[in-house]
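Colleague: So the sequences go chain by chain: A and B.
So the first sequence is numbered by our numbering: it starts at 1 and just counts up by one.
So the second sequence is numbered by our numbering: it starts at 1 and just counts up by one.
Please note: incorrect hints may appear among the correct ones.
Each pair may be met inside one copy or between any two copies, as identical chains are not told apart.
[Claimed, not checked] Mimicking SDA-like on lysine to any residue, the simulated pairs with C-alpha atoms at most 25 Å apart in a straight line are:
| no. | residue 1 | residue 2 |
| --- | --- | --- |
| 1 | Lys49 | Gln166 |
| 2 | Lys245 | Gly283 |
| 3 | Lys251 | Gln111 |
| 4 | Lys245 | Pro205 |
| 5 | Lys245 | Gly110 |
| 6 | Lys251 | Pro33 |
Just so you know, the hints here were simulated from the structure itself, not pulled from any lab data.
There are 2 protein chains.
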Amino acid sequence: MNADGAPGFEHWQDERLAQVERALSDWVRADAPAGLGQAMRYAVLDGGKRLRPLLVLAAAEAVRGNPQAALRAACAVELIHAYSLVHDDLPCMDNDVLRRGKPTAHVQFGQAQALLAGDALQALAFELLTPDGADVPPAMQAMLCRLLARAAGADGMAGGQAIDLQNVGRQLDEAVLRDMHQRKTGVLLRTSVLLGAACAGRPLPQASSQALRRYGAAVGLAFQVVDDILDVTAESAQLGKTAGKDAASGKPTYVSLLGLEGARAHADALLAQALAALDGATGLPGGIWRLDALARQMARRVC
Amino acid sequence: MNADGAPGFEHWQDERLAQVERALSDWVRADAPAGLGQAMRYAVLDGGKRLRPLLVLAAAEAVRGNPQAALRAACAVELIHAYSLVHDDLPCMDNDVLRRGKPTAHVQFGQAQALLAGDALQALAFELLTPDGADVPPAMQAMLCRLLARAAGADGMAGGQAIDLQNVGRQLDEAVLRDMHQRKTGVLLRTSVLLGAACAGRPLPQASSQALRRYGAAVGLAFQVVDDILDVTAESAQLGKTAGKDAASGKPTYVSLLGLEGARAHADALLAQALAALDGATGLPGGIWRLDALARQMARRVC
């Protein structure tokens, strides 16, 4: 444990990333019929920052939660994220050809197989959360499924994407833009923190619970503001996806709304909110240093 | 209760169908953002034979299972079925324009919204299975999610669709055709019976449990054989979907493999298997008459 998040955090992060990659590779199996397994693995493995899994694991370790449940929840939320990217990239949605530095799944496998791979990844997320055996208590399984289903569905991520579709080419005010992002990307990041906390298997003290909620909300929104900034300032090769895409397609962003400097100031303010929120969770037995370091890293990321 | 399934069954079925329609209408809400709720309701309501929900409820009543859990599972499996139809009808898959006597969802709402509606319906299925409160015990919630996720995913329905995609225009032998159908449609029908049985909240006697599995497997396959027969013999208006589509698109079917008479004989044999299997479940406290009548009705359906 360390207070400033520096070398101890890097080591923790490297270990956890390796663990998540191994688990994803074990659980997303190549042997699903008719090439479906290959398409699912292509969409999930060898790419991605694994930010959502890291948030799950950091929160789970803060509450000293069940480690098997935490690893399953970490991978489940990443599968939901991966499926949403596959579907979002399809020609009828964003029609994108580059993702994580590779051709998108439908370019590689055809639209029909990409569609099915996304569908199967969503189902697999819930399968991971409900293993046979005694590693994860049934009540915890049910709670994890409840949180993830709500986050993925019409009031969460899918709803955010519907708002996004509806508003291409329109000028939005900040309230609508925030609502869209809180659903489209924010809710899954926020829920990652809650999934980790649910691995405690018991209700947390109310102050800690509220603190984690506030942290998750601020981090979730900060992520999107930084994403909007990077869409303007970074190169495609660096991002691993098509840069400048949002601006070119007339999508409203924090940069189009607040300007580049305004968006940067907003990201800084959200980071400060996230860190301040953690002050309410200092009593958690496993410590908040991982969550603190993750928020800082997310705010200063360059890809 | 009655032994021959006649008037008592019709009354039971009418009541349960009304209950399922009300529940679906309550749970698939119109107020999801940006028209997504309307697209979801369009895909689910006012149509469909609700065969899967009836199987869930018939099995749940056979085991005197938790009625709230049974109604949620009945609706959840129907949402998975409805989402699979929406995605299956998309231009990159079967490119169909007629479903349940109405324009398909993407014709009505556009491809992007149809894609999202399907995605959100899958998430909603798992949300229905994991309510807050004490109506459905957490261990039962976890079990229902486990069964449904496995049925929907790469080893089940999505995998069956991948096999289907791969084999358009090819001649298959019966073993491959059966494997495809057991996954593509059979697994969800079979799982409907298991979901109902899981509402008992305790393991069933082994003989009853095996009997229900055998019944579900036979009914699941019989349904598909009858579907293949109707694709050839019925009119589009009667089916509510495009008739003759499978033959026209070069899809392998039981009729292309066995001929019309051969397929009819196979459906009869599967019905006999289903009814024989129920002999092993006569000890269930709520009785097997609903399951018996459902199998007979399914085998002689004309649409």
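Colleague: Hint by hint, note whether the structure agrees.
Modeller: Checked hints:
1. Lys49 - Gln166: neither (28 Å within a copy, 33 Å between copies)
2. Lys245 - Gly283: neither (43 Å within a copy, 63 Å between copies)
3. Lys251 - Gln111: both (24 Å within a copy, 19 Å between copies)
4. Lys245 - Pro205: Cα proximity of Lys245 and Pro205: none, with 43 Å in one copy and 59 Å across.
5. Lys245 - Gly110: Both: 22 Å inside a copy, 22 Å across copies.
6. Lys251 - Pro33: between (38 Å within a copy, 18 Å between copies)
In this structure, the earlier hints numbered 1, 2, 4 are contradicted, and the remaining ones agree with it.
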